[in-house]
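Following the hints, put chain B with the ligand in place on chain A, whose structure we already have.
What follows is each chain in one-letter form.
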Amino acid sequence: MADAKPNVALFVTCLVDLFRPSVGFAAVKLLEQAGCEVAVPRGQTCCGQPAYNSGDRADATDIARRTIPALQPFDYVVAPSGSCAGMIRKHWPALFENDREMSRLAISVAEKTWELTSFLTDVRGMTSVDAAYDGVAAYHHSCSGLRELGVREQPRKLLESVRGLTVKDLAHPEECCGFGGTFAVKYPDISGRMVSDKAEDIEATGADTLLAGDLGCLMNMAGKLKRRGSAIRVRHVAELLAGDTGAPAIGEGES
Amino acid sequence: MSVHTPTSHRFPENAREALGNETLQRGLASAKVGFRIRRSEAAARLPEFETLRDESRDIKNHTLAHIDLYLEAFEKRVIERGGHVHWAADAAEARDAVLTICRAAGAKSVTKGKSMISEEMGLNAFLEENGIEPVETDLGEYIIQLRHETPSHIIAPAFHVLKEQVIETFRKEHTHLDPDRVIEEARQLQDEARQVLRERFLAADVGITGANFLIAETGSTVIVTNEGNGDLTQTLPRVHIVLASLEKIVPTLEDASTILRLLARSATGQEYSSYTTFSTGPRRGEDADGPHEFHVVLLDNGRTDLIGTEMQEVLRCIRCGACMNHCPVFGAIGGHAYGWVYPGPIGAVLSPSLIGVEEAHHLPNASTFCGRCEAVCPMRIPLPKLMRHLREREFEKGIPPATLRWGLAAWAWLAKRPALYGLAMRLPVRLLALLAGRKGRFRRMPLAGGWTSQRDLPAPQGPTFQAMWDRKGGRREASK
Ligand code: SF4
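Protein sequences, first through last, are from chains A and B.
In this text, residue positions in the first sequence follow our numbering: the first is 39, and each later residue adds one.
In this text, residue positions in the second sequence follow our numbering: the first is 2, and each later residue adds one.
Just chain A, with the same shape it has in the complex (with noise of 0.2 Å):
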């Protein structure tokens, strides 16, 4: 297999899907460069953390049961978020306790999942990208890549060969934004301090750039940058990567 190009199954997200495709382009675009044999499998929606997180078991089950047969064919899967890539490796399996066959399929595509970035570095070996990028950046880490998968160093890495690009780190760079899926509608106030100290935090590093590797947490700070008139353009670290800057950055319009 080690010759071969390697299946890759683009679990795309629910949120880029939804808001924000050419996350998913630029994605496919690093994996075919890694080397990749890209598809999108069509048994996909979202990896249910909208109802695991929310307690409701059962469903996060069913829809982690359905989504399995789809990803099971492939010899990788990848994700553009650590959150959702977390959730396929380290929960999935722990929701099949109780069914034996459920949970070796279960384990068994978890052990394939990677989050983008991390899968390009840590399993590809690539180690730079063709890339140019006029600007000065600062880095979030999410909080879900950071401590369920490690993806720390494996952005800033493939960002460094960026041409043009200089990256900032933040003073806080451990802080949770404030995101969180539904706590951040359900705990508008706390949220909203969490992502105001967040975006103050962003400012104060002079960067006109923001990059996460989650779109949760980029569309949280986003929205409060522009809220607060920000001219800081936010991005997912898959666009810069690729070279894939022409869609006008989160939050922003035509223009």
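In case anyone wonders, no lab produced these hints; they're calculated from the structure.
Misleading hints may appear alongside valid ones.
Within a straight-line C-alpha distance of at most 30 Å, the following computed BS3-like cross-link-like pairs (lysine-lysine) qualify [unchecked claim]:
1) A:LYS224 - B:LYS398
2) B:LYS481 - A:LYS43
3) B:LYS417 - B:LYS386
4) B:LYS417 - A:LYS128
Structure of chain B with the ligand alone, referenced to chain A:
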């Protein structure tokens, strides 16, 4: 007011008030950073820190699996050393046990070391009602007692009080001292509190402390403090009462030492707290000092019900406070908003277990699952996982609002039907993109008021990825 009538059910309102409280916000902003830096430096300085976390987790797991045996052994040793053990099923029984001991000692005033169990029991208010004056001797506890407040942090009870407020409180309460005295520095405040408390130590009939550990092998109780107030509290009065919850038990001195190496490092970043004090029974004939009576009140208050359940792991907690020091939600709202004794992530898992998911249902939901608490918990308690268990329990009980449950059900129904889902999403997504027009975002959005009250909502780009992939004729299957 030390009685904790829970206000956890008002969590969103409490949080809003906390967010609007400028003094609190100033304090939170400065305090949390210090705790985090000190903890991470302390952990980095000790090469075996991570191994100690594993060992400590295993010690507690083993202990919890045999907790009845170890507690019986502990009781036996305490009695052998001339002490007494009082088993209390709930807070009321524990309060009665304390009152009975105080009455028998003819106590008018009791000094107290820091104890969260005392808070859980609502002991101070109860003693006052019964004509006994409790005097807190931990500086933080003393400050909030003067201010008629409850602790907002388990290791820094006056976390929410600024220095200027302490000065104000001392000037107002210490009326017997020179009104023109200079108190500006933390040091001066400490000295003044020491001076005032010294008289109280000498006058007290009973000293009450908490316990960080109970040691089955020796019948000892252990406390750690930084002020030495605990030592005076337990050695000066005739009677010493230790308040402890059952899960403080560890088998041996060795085990306590292992966990002690984590405790202060995780809490304050110290290698050890300034004082680690072991108490074993009352004074013996030849001892120069120590209490004449030694009592341990062992509080259950719902804890044994957790053993053998998915929530058991919470009983490994050593109350170091690291989880709250690193919690972004705690950092935004402080401790009081949680509405009961234990704030932060540990509170979010412990409070629903002890006071019920109905009262405390918000707490396990008020988390982004950022996972930082679990990452720093010295006892490797999977706090997010336990919060999720509680969310599941709430969901089974139908506690989440109907709108959320229906919304979720409708969404999940679709999410299980990819073909239908794909079709169903195409139109609304396009419509949203159209509505947003050239702006690319919304300031307001019906049904998403929670989101847009705080931030704009970025608009979808237009067609869904799946629709575009179809149009492109992109690959759908693995190639052979
Ligand atoms: S849950 Fe862990 S981090 Fe939090 S107080 Fe307990 S031991 Fe410390």
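Exercise. Measure nothing beyond the straight line between the CA atoms of LYS224 (chain A) and LYS398 (chain B); if it is 30 Å or shorter, mark the hint as holding.
Key: holds, 19 Å
Quiz item: Would the pair LYS417 (chain B) and LYS386 (chain B) pass a check requiring their Cα atoms to be no farther apart than 30 Å?
Solution: Measuring from Cα to Cα gives roughly 24 Å; hence the hint holds.
Quiz item: Holds or violated: are the alpha carbons of LYS417 (chain B) and LYS128 (chain A) at most 30 Å from each other?
Solution: holds, 20 Å
Quiz item: Is it true that the CA of LYS481 (chain B) sits at most 30 Å from the CA of LYS43 (chain A)?
Solution: Holds, at roughly 11 Å.
Checked against the numbered hints listed earlier, the structure breaks none of them; every hint is satisfied.
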